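Using the sequences and the hints given, assemble the complete structure.
Those protein sequences? They're chains A and B, same order as listed. Using the numbering used here, the first residue of the first sequence is number 1, and each one after it goes up by one. Using the numbering used here, the first residue of the second sequence is number 1, and each one after it goes up by one.
A few chain B residues facing chain A, derived, Cβ under 10 Å:
no., residue
1, 280
2, 298
3, 299
4, 322
5, 323
6, 344
7, 383
8, 385
9, 386
In short, the hints are calculated from the structure, not lab data. Note that this is a predicted model, so its numbers are computed, not measured. Cβ atoms here follow ideal geometry from the backbone N, Cα and C, with glycine treated the same way.
Now for the letters of each chain:
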Amino acid sequence: MNGPPVVDARGTRCPVPVIRLARAARGLPSGSTVVLLADDDAAWSDVPAWARMKGHEVTLLQDDGWTEFRVLLGEPRTERGHADSST
Amino acid sequence: MARPPFDPPGTGLLDAARGPLHPVAGRTLEAGLAAAWADPGGLHPPGRRARALLDTAREVLADALGVRPAELSLHPSAQGALEVGLAGLRHARRRTGPTVVAGAAERSVLLLAPGVQDPVPVDRTGRVDTTAYAAALAGDQVAAAVLQTANGEVGTRQPVAHVAALAAARDVPLLLDATASLGRDLHGIPDGAGSVLVADAASFGGPPLGLLAVRTGTRWGLPRPRREAEQGREHAAPWVPLALAAAEAWRQTAVDAAAEERTARALVDRVRRAAAAVPDVEVVGDADDRLPHVVTFSVLYADGEVLLEELARRGLFVASGSACTSSALRPSHVLAAMGVLTHGNVRVTLPLGSVSPTRDDDVDRLCRELPDAVAAVRRRLGTDDL
Numbered sequence: 001m002n003g004p005p006v007v008d009a010r011g012t013r014c015p016v017p018v019i020r021l022a023r024a025a026r027g028l029p030s031g032s033t034v035v036l037l038a039d040d041d042a043a044w045s046d047v048p049a050w051a052r053m054k055g056h057e058v059t060l061l062q063d064d065g066w067t068e069f070r071v072l073l074g075e076p077r078t079e080r081g082h083a084d085s086s087t
Numbered sequence: 001m002a003r004p005p006f007d008p009p010g011t012g013l014l015d016a017a018r019g020p021l022h023p024v025a026g027r028t029l030e031a032g033l034a035a036a037w038a039d040p041g042g043l044h045p046p047g048r049r050a051r052a053l054l055d056t057a058r059e060v061l062a063d064a065l066g067v068r069p070a071e072l073s074l075h076p077s078a079q080g081a082l083e084v085g086l087a088g089l090r091h092a093r094r095r096t097g098p099t100v101v102a103g104a105a106e107r108s109v110l111l112l113a114p115g116v117q118d119p120v121p122v123d124r125t126g127r128v129d130t131t132a133y134a135a136a137l138a139g140d141q142v143a144a145a146v147l148q149t150a151n152g153e154v155g156t157r158q159p160v161a162h163v164a165a166l167a168a169a170r171d172v173p174l175l176l177d178a179t180a181s182l183g184r185d186l187h188g189i190p191d192g193a194g195s196v197l198v199a200d201a202a203s204f205g206g207p208p209l210g211l212l213a214v215r216t217g218t219r220w221g222l223p224r225p226r227r228e229a230e231q232g233r234e235h236a237a238p239w240v241p242l243a244l245a246a247a248e249a250w251r252q253t254a255v256d257a258a259a260e261e262r263t264a265r266a267l268v269d270r271v272r273r274a275a276a277a278v279p280d281v282e283v284v285g286d287a288d289d290r291l292p293h294v295v296t297f298s299v300l301y302a303d304g305e306v307l308l309e310e311l312a313r314r315g316l317f318v319a320s321g322s323a324c325t326s327s328a329l330r331p332s333h334v335l336a337a338m339g340v341l342t343h344g345n346v347r348v349t350l351p352l353g354s355v356s357p358t359r360d361d362d363v364d365r366l367c368r369e370l371p372d373a374v375a376a377v378r379r380r381l382g383t384d385d386l
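This is the structure in structure tokens:
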């Protein structure tokens, strides 16, 4: 099994998909890939927003009734709040 | 008067999108029950008295919007006023085309109106993209355009003067939605901007009451059958005590509007700083070019509903744009359009200081309790290790 870890969060609602994705990504080195499957509408905005806050890159693949989010992990960031979302 | 006709506003109120009535407006409402209960269309003395009082209220409310009384109609809700205001523009220009240009962060009632197809994108702060807006206005079937003066969910002001100039250059009538800002933001409506203006008396301490102004010279009309009341825009005359209370709320809040705006702005700045200091919290909306009294932030790895309950347990009452709260099936379209986190969302809409005397303390308490409340929610959800 050499594929990236896959989190199947279909059938769960916010904030569960992002939480499970973050848990799967925890401890993995930068450059790793994690895949999330989700069918909650909120994941569309929340997964990219989480990735932006954490310095990861995400690509979306639409399937029938659900979405595959492919996340390429960036360098770990210190956990600080963000005063301005435009930065 | 023996006692005020309402309970004192509860402490901890930080969700005043529909706040308590201004106390003086509350007394006016009670007086109106006795003096202005009649249908203002009635030809008997009570009807004539109600009509005279309604005329006075209309003058005050027209002044609030900077329009003439004959241009103003009163509606049961702000949403209804928005819907009618847009429908009249669209119907009058039906030979030009069906399309309505609207930003992606407009209120749902406008985005769901006929003619709105591809909303103009907003940036990360919720501000509409003026280049894309100009391109949309250049379409050849554009009946009307709409723009909020500022967003009531995240506070960001819109480029009103710029968009008004773009619309005027194309001869497209513009509806300005000031339902979140009138009476709170002194820079709400630039002089003469917009063909149609809509506001809500609830934004300045009045009862929920839709205010719709159609400027003279605007091509505006509804399909038949003709409506009998309120300049042909409503099915029935408003309940006059509500109009009186709305006018009184305006008189009261207009007195110290500048000081109120400064105070609210400083309080929101404190909330923004306190929230930003909590790990993995993103404060959204423009930090400076914004409504004075609105702030929104999103807490990563937290559930909006649980956060609201946790803060309510501590006597702090806030709102949320998360899908997981109330019965909403979808997250706030505003947060989604901005590309910010929709879960764990907390929205503070400060009441007027004259409506909630404990406001400063409530803000203090929110700033103090927030880090611990967030930590408690994350512990409960088992996400405090993330």
